[in-house]
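Engineer: One letter stands for each residue in the lines below.
2 protein chains.
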Amino acid sequence: MNTNQQFGSDRTLSGMPPPRRTRLTPDRRRAQLLQLGRELLATHTLDELSVDDLAERAGISRGLMFHYFKSKQGFQRAVVEAACADFLQRTAPDTALEPVPRVRAVLTAFVDYVLDHRAMYVSLVRGAASADETVRELVDGARDTQAARILAGCAEFGYDDSPMLRTAARAWVVFAEEAVVGWQHPGEDRHRLAAFLERTLMAVLACVEPAEDTLSRT
Amino acid sequence: MNTNQQFGSDRTLSGMPPPRRTRLTPDRRRAQLLQLGRELLATHTLDELSVDDLAERAGISRGLMFHYFKSKQGFQRAVVEAACADFLQRTAPDTALEPVPRVRAVLTAFVDYVLDHRAMYVSLVRGAASADETVRELVDGARDTQAARILAGCAEFGYDDSPMLRTAARAWVVFAEEAVVGWQHPGEDRHRLAAFLERTLMAVLACVEPAEDTLSRT
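Here the protein sequences line up with chains A and B, keeping their order. Note that my numbering has the first sequence beginning at 3, numbered continuously upward. Note that my numbering has the second sequence beginning at 3, numbered continuously upward.
These are calculated hints, taken from the structure and not from any lab test. Model, not experiment: these values are computed from the prediction. Any given hint could turn out to be false.
To be verified - Pulled from the structure, derived: some chain B residues nowhere near chain A, Cβ distances all over 10 Å:
1. Arg64
2. Glu180
3. Gln186
4. His187
5. Thr202
6. Val210
7. Glu211
What the hints assert, rightly or not - Ranges between beta-carbon positions, derived for each pair:
8. B:His69 to A:Asp163: 29 to 37 Å
9. A:Glu139 to B:Ala157: 37 to 45 Å
10. B:Ser63 to A:Ala208: 35 to 43 Å
All C-beta atoms in this analysis are idealised placements derived from N, C-alpha and C, irrespective of residue type, glycine included.
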């Protein structure tokens, strides 16, 4: 995938000596810095990302960092934006698949992504409570996109759209986050977790009243 | 309940002129300050709680604030601790009730509490992503207590304890938080929301495999 090449995600830059004086195009340099920032989220919170530390690791000047990102806050936002975009791209539904295999593929990709980037993902989820409103909006926006994907699937399945269906989809997204982040099992149990998530998604959606006016409940 | 009296939650202190020079016992003064802090969480994030502002509102000196709470961080932690304790006390299961009415009463209390203290509750949930580890632990601890209550109920219902049951209970707690915080309906729909939560809790628990070794799934 082009995005992966561009972000150099097959090379772990932070595990290598700083690639000093490497000549890169501005776009590739920016992508490299964002990739490095995402890798640092595995061991640092968002607020701990230091521009100085990052400039040194990337072998560029502090001034160049500010040229690309304007401020520490600008860099943090760009890292979160890149991480959310990567996550959403890797968990995108394949519309060529039938609904059930499509949901299954998305949930498998979701479980794999979170477990493979657990520490980074936790930093991001915590970023949702960041004092920076833009960061909160980025993380919340990624959840909204996931919820919107679920709702698009619901429309195909013939569910009536309703405020409660939207509440259910959005709340299930954080349910899934929490379940995967809290999962403490070895790798071979991943398919059990994905299957559990699939069952809970269907079960939660089935709890939504079919129409708004069916209030006849004790 | 004694705790409510002590915390003076029937009086909205922030809506009144500062009770200057009022003579209170140290315990009551401390409780008054914590109550004021919790009320301010309705309009401020945790990090925005200013010791100066609070001392002025309470009509005491900054020095006395520090006498009670040692630091701004100490005050924030004490406010979060008091808010979590209050929340858990108000949503405690009444073991005199049968399981189904007991769950229903807890969920009604939960929905009422969150909707009646929505802004404070959101500040607290965001506090879970606070840079302060103690604050994170307090909020996470309140979620753990809620999950433990669900698991205690499950044991009564005859569910086998398992890592997946624990994952389900914990993830459902954040599902419920998200669903109530995101609920945009007027007051009379509260019972629908509580009933929806009840159905999702039962549905999610039913998604847990009955035993660890039933892995025979494609």
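Engineer: Should the label of Val210 (chain B) as a non-interface residue stand, given a Cβ cut-off of 10 Å to chain A?
Structural biologist: violated (7 Å)
Engineer: Grab the minimum beta-carbon distance between Glu211 (chain B) and chain A and tell me whether it stays above 10 Å.
Structural biologist: violated (8 Å)
Engineer: Can we trust that Arg64 (chain B) is non-interface, i.e. its beta-carbon lies farther than 10 Å from all of chain A?
Structural biologist: Its Cβ never comes within 10 Å of chain A, the nearest being 24 Å, so this holds.
Engineer: Falls inside 37 to 45 Å, the C-beta gap from Glu139 (chain A) to Ala157 (chain B)?
Structural biologist: Since Glu139 (chain A) and Ala157 (chain B) have Cβ atoms about 41 Å apart, the given range 37 to 45 Å holds.
Engineer: Honestly, do His69 (chain B) and Asp163 (chain A) meet the 29 to 37 Å range at C-beta?
Structural biologist: violated (56 Å)
Engineer: May I ask you to check that Thr202 (chain B) keeps its beta-carbon over 10 Å from the closest beta-carbon of chain A?
Structural biologist: violated (5 Å)
Engineer: Could you check that no beta carbon of chain A comes within 10 Å of the beta carbon of His187 (chain B)?
Structural biologist: Given that some Cβ of chain A is not farther than 10 Å from that of His187 (chain B), nearest at about 7 Å, it is violated.
Engineer: Is the nearest Cβ of chain A still more than 10 Å from the Cβ of Gln186 (chain B)?
Structural biologist: Non-interface label fails for Gln186 (chain B): nearest chain A Cβ at 7 Å, not farther than 10 Å.
Engineer: Does the claim that Glu180 (chain B) lies off the interface hold, with its Cβ farther than 10 Å from every Cβ of chain A?
Structural biologist: Violated, since 4 Å does not exceed 10 Å.
Engineer: Holds or violated: 35 to 43 Å for the Cβ distance of Ser63 (chain B) and Ala208 (chain A)?
Structural biologist: violated (58 Å)
Of the hints listed earlier, those the structure fails to meet are numbers 2, 3, 4, 5, 6, 7, 8, 10, in rising order.
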